[in-house]
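Those protein sequence lines, which keep their order, are chains A and B.
Residue numbers are given in my numbering: position 17 of the first sequence equals residue 17, and the series is strictly consecutive.
Every number in my numbering is 199 more than the matching position in the second sequence, counting from 1.
Think of the hints as simulated: they come from the structure by calculation, not from any bench.
Here are the simulated DSS-like pairs of lysine-lysine, each with C-alpha atoms no more than 25 Å apart in a straight line:
hint	chain 1	residue 1	chain 2	residue 2
1	A	K132	B	K331
2	A	K117	B	K331
3	B	K316	A	K132
4	A	K132	A	K117
5	B	K331	B	K316
Cβ-Cβ distance ranges computed for the label pairs, FRET-style:
hint	chain 1	residue 1	chain 2	residue 2	range
6	A	R190	B	D374	46 to 52 Å
7	A	P42	B	A326	22 to 28 Å
8	B	A334	A	G24	33 to 39 Å
9	A	G24	B	K331	34 to 40 Å
10	B	A344	A	V196	40 to 46 Å
Computed from a prediction, not measured in an experiment: that's the story for all the values here.
Where is the CB? At the ideal position from N, CA and C, for every residue including glycine.
There are 2 protein chains.
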Amino acid sequence: MITVWGQSISGNCWKVAQILRSTGLPFTWVETSSHAGETRTPEFLTRNPLGQVPVVSLADGTVLTQSNAILAHFAEGTPFLPPPGLPRTRVLEWLFFEQYSHEPYVAVARNIIAYQKTRATQRDRLAVCWDKGAAAFDVMEHRLASHPWLTDVGPTIADLALFAYSHVADEGEFDLARWPGVSQWVMRVRGLPDLVPLR
Amino acid sequence: MITVWGQSISGNCWKVAQILRSTGLPFTWVETSSHAGETRTPEFLTRNPLGQVPVVSLADGTVLTQSNAILAHFAEGTPFLPPPGLPRTRVLEWLFFEQYSHEPYVAVARNIIAYQKTRATQRDRLAVCWDKGAAAFDVMEHRLASHPWLTDVGPTIADLALFAYSHVADEGEFDLARWPGVSQWVMRVRGLPDLVPLR
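With the rest of the complex left out, here is chain A (with noise of 0.2 Å):
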């Protein structure tokens, strides 16, 4: 059986858990709450050093960490994920943008606005945020207007990482209405078969 220690309210978390519900496999989920010291236990630093969750234990106790690796270790062999060569090269250019220009700001403005609550003292952090999370929706979007998804070979799971943090991303006071392309891809995304989203 699989396991996933994860945090219900996290994009990072959900994308685990929805490429396990894409392809089939059933898992058990441990609720485990960074806000509360959980991912800093001795225990939990021996699974993962970083202290993050997502992390999961395969069968065999293998441990994964990093949610965008997780994806791919599912995905491989299905749609989700095609096979070596430009398509695939597609797909992980969006995961590593995701990782590195769209989660940074679109969580983080989330987390400090509806989960930390201190959104007072941190302004000029949530400014940046809010100025580098429009750029990236501004990226998806110039894909987007004209393309059902964000790679040519249908969903995958650059669709599932972006769309993560995306759908949820009036939670740190985006507009997605100024984005009509990401907007309608939202809609396209939650509309997959067994997609669950965050809500």
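Start from chain A and add chain B according to the hints.
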């Protein structure tokens, strides 16, 4: 012929040049300075709407972005990227770690101190870079204190990606002597065939 738009001092751009050297693919380098605004021209933005180097153009005109996706693209089918399965997932874990937990601190400290030369006005940001960058080196040390390479299959693009900013981290005032396993690994990577370090 492969064309690379890159900035010579950039570790992210170095990765691309190095995987092309390591795999024996000839390429043309077009020096492109982000500091001088050359990644924000209308012509450049048609290649990469993110306005970032490196950018690669293949012989047929196909454009690739995102340094770690480019590493994976050219490493496919070589020993630098093991075939799908757990060994490949381990490589991907390190590649995402690099872009999320290492580069944003280790590369940024170097940029502030050595290139922007704005250390006096960015003291708070530098403090964060030193703290989070040290945490990233701690995670690398956890592995490298007892293993020669980041993954079990020998040198891969995971080692090239992490070497990029680790071997010049002193320019960001990280003292690698604190992490002896990392220091020895840096020397080991330097000894790879066709390896041309930034300095």
